[in-house]
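Participant: Sequence:
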Amino acid sequence: MATDWNDPNHPQVQQLANSAPGQVSADAAAQAVKDLHDQVSPQDLKPVLEQHYSQMDPEQMKAVIAQLQEQLSQSGNPQSQQVAAAIDPQTATPQQAAELHAHAHEFHPNTVEKVVIAGAGAAAVGGLAVLAARHFAKQS
Numbered sequence: 356m357a358t359d360w361n362d363p364n365h366p367q368v369q370q371l372a373n374s375a376p377g378q379v380s381a382d383a384a385a386q387a388v389k390d391l392h393d394q395v396s397p398q399d400l401k402p403v404l405e406q407h408y409s410q411m412d413p414e415q416m417k418a419v420i421a422q423l424q425e426q427l428s429q430s431g432n433p434q435s436q437q438v439a440a441a442i443d444p445q446t447a448t449p450q451q452a453a454e455l456h457a458h459a460h461e462f463h464p465n466t467v468e469k470v471v472i473a474g475a476g477a478a479a480v481g482g483l484a485v486l487a488a489r490h491f492a493k494q495s
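If you're matching positions, the sequence shown starts at 356 in the numbering used here and goes up one per residue.
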């Protein structure tokens with residue numbers, strides 16, 4: 356059953372909101388984050404992403420940024436290549452990481468799935484699912 360991120364009272368949103376990241380299975384977290392990206396606009400997701408990246412281990416954030424950059428630089432899209440080139444993974448802020456993630460979400464959703472769900476961000480996907488659930492559950 357897909358997580359309905361547009362319904363703050365949806366059982367899965369509520370279950371995630373009341374969980375710790377380590378209590379969410381990798382498969383459940385991956386599906387919830389995939390549903391999140393399918394249903395929520397990059398603009399509405401950005402505050403969650405900023406908080407997520409601010410709580411992420413700095414080395415892990417650098418790895419996610421580097422993977423997003425690599426994917427976007429190979430996208431063939433000049434705007435995406437420019438966005439990717441503008442960020443230095445070694446000095447990037449959580450806000451810059453969120454901007455890069457939001458850009459990839461909007462223009463290259465498969466890239467987000469490759470990097471955030473299956474790649475460098477996979478270790479933190481449970482945290483993103485729980486954080487998003489807590490954010491959107493408050494909107495009821």
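In case anyone wonders, no lab produced these hints; they're calculated from the structure. Mixed in with the good hints, there may be bad ones.
[Claimed, not checked] Label-pair ranges, simulated between beta-carbon atoms: (1) A478 - Q445: 15 to 25 Å; (2) Q494 - G431: 20 to 30 Å; (3) D393 - N364: 16 to 26 Å.
[To be verified] Mimicking DSSO-like on lysine-lysine, the simulated pairs with C-alpha atoms at most 27 Å apart in a straight line are: (4) K493 - K389; (5) K401 - K493; (6) K401 - K389; (7) K417 - K469; (8) K469 - K401.
We treat Cβ as the ideally placed atom computed from N, Cα and C, and that holds for glycine.
Participant: Are there hints from earlier that the structure breaks, and if so, what are their numbers?
Facilitator: 2
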